[in-house]
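These protein sequence lines are chains V and B, in that order.
Yeah, the first sequence ends on 493 if you go by our numbering, and it's all consecutive.
Yeah, the second sequence ends on 256 if you go by our numbering, and it's all consecutive.
Incorrect hints may have been included.
As the list claims (entries may be wrong) - Partial selection, computed: residues in chain B whose CB lies under 7 Å from chain V:
id: 1; residue: T18
id: 2; residue: L52
id: 3; residue: L54
id: 4; residue: R78
id: 5; residue: I85
id: 6; residue: G89
id: 7; residue: P92
id: 8; residue: L102
id: 9; residue: P103
id: 10; residue: R106
id: 11; residue: Y135
id: 12; residue: F205
To be verified - Chain V side only, calculated, beta carbon under 8 Å to chain B, not exhaustive:
id: 13; residue: L100
id: 14; residue: A101
id: 15; residue: E388
id: 16; residue: L389
id: 17; residue: E391
id: 18; residue: S392
id: 19; residue: A394
id: 20; residue: V395
id: 21; residue: G400
id: 22; residue: L411
id: 23; residue: I470
id: 24; residue: Q473
id: 25; residue: L476
id: 26; residue: A483
id: 27; residue: R486
To be verified - Pair ranges (Cβ atoms, derived):
id: 28; chain 1: B; residue 1: K179; chain 2: V; residue 2: R405; range: 22 to 32 Å
id: 29; chain 1: V; residue 1: G474; chain 2: B; residue 2: P171; range: 43 to 53 Å
id: 30; chain 1: V; residue 1: E388; chain 2: B; residue 2: E225; range: 25 to 35 Å
id: 31; chain 1: B; residue 1: P129; chain 2: V; residue 2: Q473; range: 32 to 42 Å
The hints are simulated quantities; they were obtained by calculation from the structure and are not laboratory data.
We put the CB at the ideal spot given by N, CA and C, even for glycine.
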Amino acid sequence: MLKTLVTILVLTVASRSTMAQVVVGSKNFTEGVVVGDLAMLVLESAGIEATHRSALGGTRVLFEALQSGQIDAYGDYTGTISQELVPGTPPDEHALRAALAPLGLGITSSLGFNDTYAIAVRRDLAEARGIETISDLRSHPDLQFGFGNEFIGRSDGWPGLRDAYGLPQEDVRGLEHDLAVAALRDGSIDATDVYTTEAKIDPRRMVLLEDDREFFPPYQSVIVHRLDLSERVPGAIEALSRLEGRFDEAEMQAMNASVEIDGRPEVEVAAEGLSVVMGGEVVASAATLFDRLTTTTLEHLRLVLVAMVLGVAVGVPLGVAAFRLPRIGHWILGGTGVLQTIPSLALLVFMIPILGIGAAPAIAALFLYSLLPIVRNTELGLRGISPELQESAAVLGFGGWARFRRIELPLAMPSILAGIRTSTVMIIGFAVLGALIGAGGYGQPILNGVRLLDEGLIMEGAIPAAVMAIAAQGLLGIVERHAVSRGLRIRRS
Amino acid sequence: MISLECVSVRLGNGRLATQVLDGMDLTVDRGRTLALVGPSGCGKSTVLRTILGLVQPDRGRVLVDGVLVEPATRAEVRRRTGFVIQNGGLFPHLTGGQNAALPGVRAGWDTSRVEERLEALSELVELDPATLHRYPIELSGGQRQRIALMRALMLTPDVLLLDEPLGALDPRIRWRLQKLLKSLFERLGTTVVIVTHDLAEADWFTDDIALLHEGRLRRRGPLSEVAENRDDDFVSAFVESHGHLRLPTAGGGPAC
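Chain V extracted, bound-state conformation (with noise of 0.2 Å):
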């Protein structure tokens, strides 16, 4: 039994140990993916070994990833990049590589396409009306306007483009980003925020106007990746080079439309695309439903093992702790219970400084919240025992580890089995958000799923995960029967 728990333990730990070249990384929405999945593509065109940790979180987090070196490159934004990672440096390609440098990080210069804010008009109005540049709208004054909501409270969102413009418009609409597109295809509205790369553009319903002022900061595409790159890979630097001015607006529009509104995987729309951009045929067919299960499963079950490996040999002595000595014990249980009322997003995200991302961090937050259960459990099961058997025990002669181990433990076994189940169901539903951090699992199916709003690879991750619980709380089960005399497990006939 034993045996098998360690055998797996290894072996899960294992699978993540054979590192590729080159790690790229890339944040959590469709274009960020598109972007990680040609970077990957190149690097391999170029016969660079490169694997791609796709949706692994927000910028702070792929910064940081990057920083500490689990990943060597990702795709960002220069407006992103002037404003949250190097604050106050203008966003140009020369003055970012400047104020990158000194981090040991550097940027190719622009993929060709700048995802910025834009301002989409009806298509048959704008020709009717000739409206092409932001400019024009001045003459239009009673177009209704309807905007993303948090577009209409940035001061860069439209209070300053309106006073940029010196904007008429007055019948102007607060509502949901999603819903203030779909109102301007059927017409309820005339014009609307949208980004310039956005999937749900339909060209041939709206027209994006010029931003004749250059209102907007650009956006352009470039990938940041670490500058040792270029000794300890050679030629990595330069294959990412080679993505440089090949993609326009219209073109990763599309490539956003084919992933989002085709439902097609980001891997297989990034392997055409280059193959059309570079000539030449870039295969990458992406891994069938068994393959990304296998994944899943063998990452979850790493976080979950490892998490309740050390759970338990945390928790069964800090529980014993609290029961033989009731000073710290107070303590210990009142700690322990703390931890359990951190939101677990927060909890992941205090580990991320600490561990950086990946497994390790969400092992760490998941073994914390494996504790409660088992301590209090553990503490709970030794305090039931009787008094009468404890001075049966005292007056048979047992003290110290002997009472403990012949007498205690095996009368506490029940609950804190029970501790250790309760833990393990707990943790493998937790363990779902280790996917915000990099960690993969089946939360990243799920997360995938939320951003693409696909219920089936929703499913592809919640399924599994309830699978596991249940194959795990039979396991228990089987435990259960070997570890806790039947002496406790038998009811009074």
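Dock chain B against the given chain V, drawing on the hints supplied.
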């Protein structure tokens, strides 16, 4: 020989503390049987627990065969003492046999010696050896007490302490065990202290009864002496609560 010399015990802390034993003097000669009788809370169980070193007296001292009971000696005292409590105190995760064998196993006996002793003891307490493979939860109350008795007798103790051993049994089984215990006390020649709240039962076992009340010894002797002198309110009330007693010297008890 067991002797308690002016033993006082307070249990609990601060204002909640209660005086459980209050200057208790008590001796039991080697090979004799003493029955401790009294209402709940009179301190009779505490007497046994001071003998075992489970409770440390605040004043006075306890000696077992001349050995002062204190932390340094209590392991030795416990090894030479058998202890049976109301519900047997059997460990539910061990079979009857494993429970009974514990003292032998603790003493480092080999399996065959333990097996032999179990066989002899099960004969002594009139228990079907097949029951030894069952867990306590599968056994009747009487079977559990017989096994507890085997455990207490495993190392052939010099002293046997029984804390209301028959209190939880139905009358028919209780009667059988009363007979068994009495014959055992006579045959083994062990020093016995048995706690009961029932004067009749105490009288059945021995002519040496100690009546306790609020941590003090109130009467000592055979039933006839314990029960006389009804002008003491407590003694008279306690004896009268045992309405069915036939008292040889007191003449007209309430039962007559």
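The hints, checked one at a time:
1. T18: Check failed: Cβ of T18(B) comes no nearer than 17 Å to chain V, outside 7 Å.
2. L52: holds, 6 Å
3. L54: holds, 6 Å
4. R78: This hint holds: R78(B) lies near chain V, its Cβ roughly 5 Å from the closest one there, short of 7 Å.
5. I85: Interface hint status for I85(B): holds (6 Å vs cutoff 7 Å).
6. G89: holds, 4 Å
7. P92: Given a least distance of 5 Å, the restraint on P92(B) holds.
8. L102: holds, 5 Å
9. P103: Where the cut-off is 7 Å and the nearest Cβ of chain V is about 6 Å from P103(B), the hint holds.
10. R106: holds, 5 Å
11. Y135: Interface hint status for Y135(B): holds (3 Å vs cutoff 7 Å).
12. F205: violated, 22 Å
13. L100: violated, 65 Å
14. A101: Violated: closest Cβ of chain B sits about 67 Å from A101(V), beyond 8 Å.
15. E388: holds, 5 Å
16. L389: With a minimum Cβ separation of about 6 Å from chain B (threshold 8 Å), the hint on L389(V) holds.
17. E391: Because about 6 Å separates E391(V) from the closest Cβ in chain B, which is inside the 8 Å limit, the hint holds.
18. S392: For S392(V), the interface hint holds, since the closest Cβ of chain B sits about 4 Å away, which is under 8 Å.
19. A394: holds, 6 Å
20. V395: holds, 5 Å
21. G400: The hint is violated - G400(V) has no Cβ within 8 Å of chain B, the shortest such distance being about 12 Å.
22. L411: holds, 6 Å
23. I470: This hint is violated: I470(V) lies away from chain B, its Cβ roughly 28 Å from the closest one there, beyond 8 Å.
24. Q473: violated, 23 Å
25. L476: At 19 Å from the nearest chain B Cβ, L476(V) fails the 8 Å test, so the hint is violated.
26. A483: violated, 11 Å
27. R486: This hint holds: R486(V) lies near chain B, its Cβ roughly 6 Å from the closest one there, short of 8 Å.
28. K179(B) to R405(V): 22 to 32 Å: This hint is violated: roughly 39 Å between Cβ atoms.
29. G474(V) to P171(B): 43 to 53 Å: holds, 48 Å
30. E388(V) to E225(B): 25 to 35 Å: Holds: the Cβ-Cβ distance is about 34 Å, inside 25 to 35 Å.
31. P129(B) to Q473(V): 32 to 42 Å: holds, 40 Å
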